[in-house]
Amino acid sequence: MIDVALDQPGVEASSEVAGRSPWALALRRLRRNRISLAAFVLFIAIVVISFSAPYYARSVAHVDPFVNNVNGTTIVNGKRVPLFQQGGGILHLGETPIGPTLDLHHYFLGADNQGRDVAARVLYGGRSSLEIGVGSAVICCLIATLLALVAGFYGGVVDGLVSRAMDVVWAFPVLLFAISVSTVLLTAPNGLEVGPVHIVASSLWLPTLIIAAIYVPYVYRPIRGHVLSVREKEFVQAAIAQGASNMRLAFSEVLPNVTHVVVVLLPLMIATTILTESALSFLSVGVQAPAASWGTIIDDGQGLLYTRPWVAIAPGIMIVLTVLSLNVLGDGIRDALDPRAKLRVDG
Amino acid sequence: MLTFVIRRTVSTIGVLFGISVMVFLIFFATPGVDPARQLAGRNPSPSSIALIRHQFGLDRPLPVRYAIMMQKLFITRDLVSYSNQGQKVVPEIVAAVPTTLSLVFGAAVIWVVLAVVMGVLAAVLKGTVFDPLLMILALIGISMPVFWLGEVANLITQARFHGSFLFSWVPALGYISLTGDPFGWFKSLLIPWLTLSVLYIGFYARVLRANLLEVENEDYVRTARAKGLSERRVLLRHTLRTSMITFVSLFGLDFGALVGGGALLTEVVFGLHGVGYLTYVSLQNLDLPTIMATVVYGAVFIVLANALVDIAYAWLDPRVRPT
Amino acid sequence: MRHLSWKATALVVAVALSAGCGSSGSSSPTTSTSSGTASHRGGTLTVLSNASFGTADPAQNYTLGEWQLLIMTHDGLVGFKRVGGAGGNALVPDLATTVPVPTNGGKTYTFTLQPGIKYSDGTPLKASDFLTVVKRQFTVPGPTTFYNQIVGAAACAAKPKSCDLSKGVVTDDTAGTVTFNLTSPDPEFLDQLALPFMLAVPGTTPLTNQGNNVPPGTGPYMWKSYDPNKAAVLVRNPYFKQWSVDAQPLGNPDSIVEKFGLSLEAEVTEIENGQADVMFDQDLIPADRLSDVSTKYASQVHVQLLTADYYFALNTRVPPFNNLQARQAVNYAADRGAMIKEFGGPSLAAPTCQILPPNFPGYKPYCPYTAGTDTTKWTAPDLTKARQLVAQSGTKGAKVTIVGTTDELGKALALQLVSDMNKIGYNATAHLLAGGPQYPFIQNSSNKIQVGYSQWFQDYPAASDFLNVLTGCGNFHPNSDASPNIAEFCNKGIQAKMTQASTLAATNPTGANDIWAQVDHQVTDQAPWVDMFNPKQIDFEAKRVQGYQWSPQWYTLLDQLWVK
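Here the protein sequences come in this chain order: A, B and C. With the working numbering applied, the first sequence covers 43 to 389. With the working numbering applied, the second sequence covers 45 to 367. With the working numbering applied, the third sequence covers 191 to 754.
Do not rely on the hints blindly, as some may be mistaken.
Said to hold, decoys possible - Here are the simulated distance ranges between beta carbons:
no., chain 1, residue 1, chain 2, residue 2, range
1, C, G275, A, F93, 57 to 65 angstroms
2, B, E275, A, L69, 34 to 42 angstroms
3, C, A365, B, G228, 56 to 64 angstroms
4, B, L297, A, L69, 32 to 40 angstroms
5, B, V292, A, L203, 31 to 39 angstroms
6, C, A365, B, D225, 50 to 58 angstroms
Worth flagging that the hints you see were computed from the coordinates, not collected in a lab. Think of the CB as a built atom: it goes at the ideal place given N, C-alpha and C, for glycine as much as any other residue.
The task is simple: from the sequences and hints, build the whole structure.
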């Protein structure tokens, strides 16, 4: 859930150099914030290593992390060993995959219950988690901004309809909503079919769109508030008096004045959507096998928690680092754009 | 004030109606699973399925089916689960509520106490190294997926260190009823409580600190200080009290959302058969009556919490009362 | 027609970990002994089950979970002998005095009731009670088609309100006789009468679904309570007097409590710690815990080969697997050894290619889809042969979607087949659904699935329970969620042979089983399935539990265990 209470930009009695655009000033303030910079670097580093997954799998670890390999072998301390070890005792029940070898070339974090390289999967998983997180946050913000502009600007019946619809979605327990829609779309024989658009169950677009949809009201509400207040501003009223068309006004005059709200919200939204994606995938209604995301790897790892805990721990650490860096960055951007704003995010 | 309350109530009912229609459409407008097939059991003959479809009114138009379901849910209260014809949904939810309430209530106590301590400490220690340290700690709490934290907690308390004196007291996963064994209840819930509260501790500590620092500069606090009240009294009497308004309203919303099924992940990870768990299981089986009932139940809590917080606000601060 | 408990597979989600400490003492391995002596009577046996078994009405319930309890509280006219081992497949008279030989060309069965038997509420058993029992199959309605061959049943199934079975089930309360008239001979009718659908309930039992209230029965125990979210509790039936040790022996514990809802991990922990006695047979020990159980608690573990198949059905009516060579190619490519590893290793399952499981009537080992020349057992995949067949079939590069389940095992197996298919030139992906919805989904031909993951456990020991039910033309129902022939397989020649075997079974069971063996091999050659393995049962009991007996029909005989 996200609540935002942002004050208007520029109300701050600024001691900064006059004549610069508020954006340039904000960037300058952000650059001075060391913690935010560190968070930014961390986030970029996670993005880079996640997107290097194909390189790592192909050229370093020499594995295909999407193919079962239970009969495979690897090299530990120069000796070739099987990936799976049969259970002991007189009964020989169970098969345990190899644990972390801490050798980047040979199953660094060990194998999962299908004999796949966990380290390579964590990198690939990061790629999907980031793609879905960023994608859904951007889509969500776009839709919410558009709706808020239309509702806030036209007011009346349009505003009433959109806002009531948002109230309904808002009151729907957010995680339940996402799980419900995912479950139904995954069970439908052909995935999501809307007119010419056809999204199969295994597509990353399915979780991306679902997550984008459920958070629309959370972004819509604060932006609509801003649209309403900007609409009352003199320059807008003046433009209306001069007979400017509604559409033109909304996009040329109001939109630029609410953009900063979106900019502040975006990193925090990405943090939230990444957490949501991981929860959906953990409950197996997000990213579909054999594709990986951090959430699906934690799900795979829960069956190995007792003997091979790192399968579940490693992707969790990646999630924490990513979300933390985004939260710190979001704080920094908010402080830079508007030091007096208050904002909350929870997952 | 009265008109405001009435308007709020009307819109609350409207929202609940909207949600029930939405859930109904999500699961009925979508092909995939035939409820009659679910009801008929493992390997029925096609004629049994047809018979059951008729018995349960599943061959009637959608609006009629919606009306039947709502009547069974709210008026006759004998709505039956699709995956078990002997299971009435309403008593099933009633049986699950104590587990969810125990979980959320305990977690709430922990998060309120710890968040106040952390928030106040950070505000008081502003300027020292402890303030940013506490706030980073809070941010880490906010950034952890709760299901993962729960699993790591299980790993430590149930597996790796269960043998050690530190965690040997932790019972096997699951809920122990409060009336049957109060101490067992406490032991079985302590780890889930802590897990669930981590996120909220971080979040509330941050909100409280920000509020405290903001109120710090308000006129009446300065006046109090000028009157020569001790810093401690100023903090406790004035600053903290004012800051708690936001805190309490946020608390209302979060508490409502958690009781309404928001604790699903925690319940699943710790095997607590509360409302969230029930919803999750019925989603897996596409058991529409149970999903419908639990979602509407959850929405009631969320909408109620929203309405209460709004009304409380309106009561406290007439300026926000809409005209 | 039993399919592995939906809920058991769907619910494997909550994670728990147990005390990793403690080791087994020196208790000697339990031996199969006959019914315990009086000195072992008493105490409470606690069974743990991950999920409850749904609606408890005996006319509707179709789960091993409730059946294990129902056979201790109720009796049928005939029953499977209540002993461990292969003897448990034998039919013995229960409420009837003898197992009758059919007359009228195999169409009429007449039973005479044991005198003086009372239900747990004191009502005496009457012959006419069975009219109610059979009627309830059509009015509740029941979940099978087993009893549709009784005269008048077809009309009852279509119009239950006006159900008239007076010609099909003729009863005489004074003489205590029950006579069934069938429309055609059915050699499996006695087996089907022994299933819990046909357990005696009072004639006054309403014809509607009784939900979670179990009507009174005649067995040594009676139902005290059943709450699907908590537990089922059985206590001794005060009106019970033992009349047949073979069919309904007196039980050992004074009460039997089956608790629901613990995660599998927690179940293992409680058994290890002795907090509970028995883990329900279909609750699989999590793979992660197996090696621990295997080394530390070996003396409390029993391993049994199950008459069951884990398989993928290849849809014979949808490309590319409407092509025989394509189906055979996948069978050559499937790495059954890897699949067994994912199931828990070679101690937990045996590879197979054919439909019938080992030790089953009509079973003759046959596996054409293996490397090497020995076609009696599977050793390794033959990728060269598989690729050849794909090339010949002209299906190379075809897109294939495997509909599997989301539980850990279902996921691993589906992805294994994806990997194996991609090795021979297909473009395969998996589509995973929760176990509950997946089973009806893959049965419905309108979903046009290409490959579906499923399992089959015997209902009763007869070859047709596998071959006819799962690959017979009559068990494919187009556009229905209830169509157990998932492969939509129908071969005229083979079907004729099945009919021939069924007819012969009434007079010459051995000869019939020879024909079933041929059918089994011919179906295997047609490759409507990728049969993976026959699983083994791992039973895990607390240290104090003795008297373990395993029936191939009812699995662990709970009331024969003793805790004192």
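Hint-by-hint comparison with the structure:
1. C:G275 to A:F93: 57 to 65 angstroms: With a Cβ separation near 60 angstroms, G275 of chain C and F93 of chain A satisfy 57 to 65 angstroms, so the hint holds.
2. B:E275 to A:L69: 34 to 42 angstroms: 38 angstroms, holds
3. C:A365 to B:G228: 56 to 64 angstroms: 58 angstroms, holds
4. B:L297 to A:L69: 32 to 40 angstroms: 34 angstroms, holds
5. B:V292 to A:L203: 31 to 39 angstroms: Once the Cβ atoms are compared, 33 angstroms apart, the range 31 to 39 angstroms for L203 of chain A and V292 of chain B holds.
6. C:A365 to B:D225: 50 to 58 angstroms: At 56 angstroms between Cβs, range holds.
No hint from the list above goes unmet by this structure.
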